[in-house]
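Student: Here's the letter readout for the chains.
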Amino acid sequence: MTNRFRTKMECVVAIWNNFWYRPISTRILAAFRILFGLLLIQFVVLLMPDFFVWFGKNGIVASNTINSWQPYLRFNILNLFPNSDLWLITVFAFFIIAAICLTIGFLTRFSSIVVFLCLISFHARDYLIINSGDNFMRLLSFWLIFSPAGQSFSIDNWLTKRNNIKRQNSQTIDNKAEPWAQRMMQINMALLYAQAFYKKIGGKLWQDGSAVYYSSHMEDMHRFPFVYLFDHLWTCKLLTWCTLGIEFALFTLVWVKPLRYYVLALGTIMHLTIDWTMNIPQFEWIMIYSYVLFIDPPDLERFLSLVNKQVLKKSVNKSQLN
Amino acid sequence: MRLLTNAFIIFHLFVITVWLFPLNSQLLDIMNVFKKYVIFLGLDQDYSMFAPYPRTTNRHVFALITFQDQSTVIWSYPRMERLNALESMFKERYRKFGNDNIVTSCFKMFLPDFVKYIARLHQCPGNEPNLISIYLVEKNIPPPTKDGHQEETHPIVTNLFTYKIQANDLNNDE
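Chains Z and B, in that order, give the protein sequences.
First residue of the first sequence? That's 1 in our numbering, and the numbers climb one at a time after it.
First residue of the second sequence? That's 1 in our numbering, and the numbers climb one at a time after it.
Since the hints were derived computationally from the structure, they do not count as laboratory data.
Given the structure is predicted, the values throughout are model-derived calculations rather than measurements.
Do not take every clue at face value.
Claimed, not checked - Not the full set, but computed from the structure, chain Z residues with beta-carbon under 7 angstroms of chain B:
(1) 49
(2) 72
(3) 74
(4) 79
(5) 135
(6) 199
(7) 214
(8) 215
(9) 233
(10) 235
(11) 277
(12) 279
(13) 288
(14) 292
To be verified - Simulated crosslink set (BS3-like; lysine-lysine; CA at most 30 angstroms straight-line):
(15) B:36 x B:139
(16) Z:204 x B:36
(17) Z:161 x Z:199
(18) B:36 x Z:57
(19) B:91 x Z:199
(20) B:139 x Z:199
(21) Z:57 x B:164
(22) Z:237 x B:139
(23) B:96 x Z:237
(24) Z:257 x Z:176
(25) Z:204 x B:108
(26) Z:199 x B:108
(27) Z:161 x Z:309
(28) B:35 x Z:57
(29) B:139 x Z:57
(30) Z:204 x B:139
(31) B:164 x Z:199
(32) B:35 x B:96
Ideal Cβ placement from N, Cα and C applies to all residues, glycine included.
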């Protein structure tokens with residue numbers, strides 16, 4: 001009995017260690033880091049025109065009101081000088097620099113810390129303009145701090161390689177690392193869909209199939225039209241139930257390896273459809289980008305070698321023509 | 001090190017899961033112990049977009065501004081449906097603030113700030129804004145029909161808040 005229990009426990013520990021700690025290629029994480037960084041830059045660009053409306057000392061909501069409304073203390077670096085637009089600009093400038101550095105992978109860990117601290121500060125400063133996509137971005141930026149995101153496709157990696165060559169250090173850079181932070185991001189994504197599904201499933205409009213009809217008829221969220229699809233009851237019902245089905249698959253079947261890419265493809269189609277029809281600029285893209293974290297490293301390697309071959313083929317053809 | 005990482009993972013898995021699924025009061029009690037940590041670091045999250053059901057009304061906000069000389073002006077809050085795709089992309093946070101949040105009762109404590117902001121936008125030396133009322137216009141989305149035909153409904157206008165502007169409300173360095 002004790003032996004059987006011990007064997008079982010050893011098996012559980014092995015599965016646990018395999019899932020969280022078995023080194024995998026950091027290229028997937030690096031690809032995600034670049035996409036995430038680009039999204040941060042877009043976040044900055046979209047905020048710029050009305051930056052002082054949302055965060056300025058004479059903005060739409062005073063920082064005192066926000067602080068007194070929140071029952072618990074939130075980290076907010078802007079509260080050091082709450083009525084100073086100069087301080088606000090300084091923090092924003094640091095945020096922009098850190099977002100760019102994170103994208104190119106320069107001082108990656110430090111940049112990800114700055115990005116996280118700035119993000120939680122801006123979110124805390126004006127909670128009323130924050131959407132689910134922003135929440136998810138904040139959570140992902142937290143886990144990026146602990147991840148080896150700068151170990152591939154980065155200036156950091158290039159600098160380390162160059163230094164090794166200079167020092168005639170034969171030690172090669174191992175671009176494999178423990179993926180536990182990446183796993184936390186994956187789990188957070190799955191939990192996001194689980195909560196979205198759980199909260200929707202009890203709603204009457206989701207059950208009777210009219211939820212997509214109503215959400216697609218919110219005039220303030222319209223983007224580009226989709227002929228026929230949202231004007232007929234049967235298509236709206238189908239889309240409503242498909243949404244629930246896909247959200248369900250994105251926290252369950254996504255963990256089943258043979259089904260993973262099909263589920264992610266369905267999720268991508270769902271988010272692209274929403275992005276086409278609805279004006280929620282970043283939410284859909286942060287979700288699609290987070291799917292990258294589920295790609296198997298060997299699949300990425302295969303994809304990259306295919307791209308390399310194609311590029312090589314084209315350059316050979318070009319030189320032959322010349 | 002591995003032990004510390006394990007503890008870190010298990011702790012965060014627990015707080016994030018319980019935060020998203022506070023299924024019973026015992027879990028909530030446990031969560032309350034860690035609430036300060038979760039909120040302080042911005043690890044709180046909620047993904048209830050269109051849940052439990054999407055909004056069944058179209059809405060927009062406008063303000064009626066009465067100046068000291070009793071003249072009035074209507075100020076329309078940015079309306080996404082009147083902007084092109086690029087403009088509405090940049091102005092999307094106005095929709096979140098105005099149409100999703102400020103009009104709901106849980107955010108009504110921000111209405112005075114909103115009114116003061118509108119007053120500052122309409123500053124006019126010698127004839128400052130005196131009274132500002134914020135109105136919400138709501139129109140039901142007609143229920144779906146099999147043939148796609150929609151019947152028009154009338155909008156309902158509600159006064160959300162009225163505020164008499166004080167001299168120090170217009171002070172930009174408040």
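Student: Evaluate each hint against the coordinates.
Tutor: Going through the hints against the structure:
1. 49: 6 angstroms, holds
2. 72: Holds - the Cβ of residue 72 of chain Z comes within 7 angstroms of chain B, reaching about 4 angstroms at its closest.
3. 74: 6 angstroms, holds
4. 79: Nearest chain B Cβ about 12 angstroms off; hint violated.
5. 135: 4 angstroms, holds
6. 199: It holds, given that the least Cβ distance between residue 199 of chain Z and chain B is near 4 angstroms, below 7 angstroms.
7. 214: This interface hint holds because 5 angstroms falls under the 7 angstroms limit.
8. 215: Nearest chain B Cβ about 4 angstroms off; hint holds.
9. 233: This interface hint holds because 5 angstroms falls under the 7 angstroms limit.
10. 235: For residue 235 of chain Z, the interface hint is violated, since the closest Cβ of chain B sits about 10 angstroms away, which is over 7 angstroms.
11. 277: 11 angstroms, violated
12. 279: For residue 279 of chain Z, the interface hint holds, since the closest Cβ of chain B sits about 5 angstroms away, which is under 7 angstroms.
13. 288: Check failed: Cβ of residue 288 of chain Z comes no nearer than 16 angstroms to chain B, outside 7 angstroms.
14. 292: Cβ of residue 292 of chain Z sits 19 angstroms from chain B, so the hint is violated.
15. B:36 x B:139: 40 angstroms, violated
16. Z:204 x B:36: 34 angstroms, violated
17. Z:161 x Z:199: 49 angstroms, violated
18. B:36 x Z:57: Judged against 30 angstroms, a Cα distance of about 27 angstroms means the pair holds.
19. B:91 x Z:199: Holds, because 28 angstroms separates the two Cα atoms, which is no more than 30 angstroms.
20. B:139 x Z:199: Status holds; Cα separation ~25 angstroms.
21. Z:57 x B:164: Holds, at roughly 21 angstroms.
22. Z:237 x B:139: 23 angstroms, holds
23. B:96 x Z:237: 26 angstroms, holds
24. Z:257 x Z:176: 21 angstroms, holds
25. Z:204 x B:108: 27 angstroms, holds
26. Z:199 x B:108: Given pair residue 199 of chain Z, residue 108 of chain B holds - Cα atoms ~25 angstroms apart, limit 30 angstroms.
27. Z:161 x Z:309: 24 angstroms, holds
28. B:35 x Z:57: 29 angstroms, holds
29. B:139 x Z:57: 34 angstroms, violated
30. Z:204 x B:139: With Cα atoms ~20 angstroms apart, residue 204 of chain Z and residue 139 of chain B stay inside 30 angstroms; holds.
31. B:164 x Z:199: Given that 30 angstroms is the threshold and the Cα spacing comes to 41 angstroms, the pair is violated.
32. B:35 x B:96: 26 angstroms, holds
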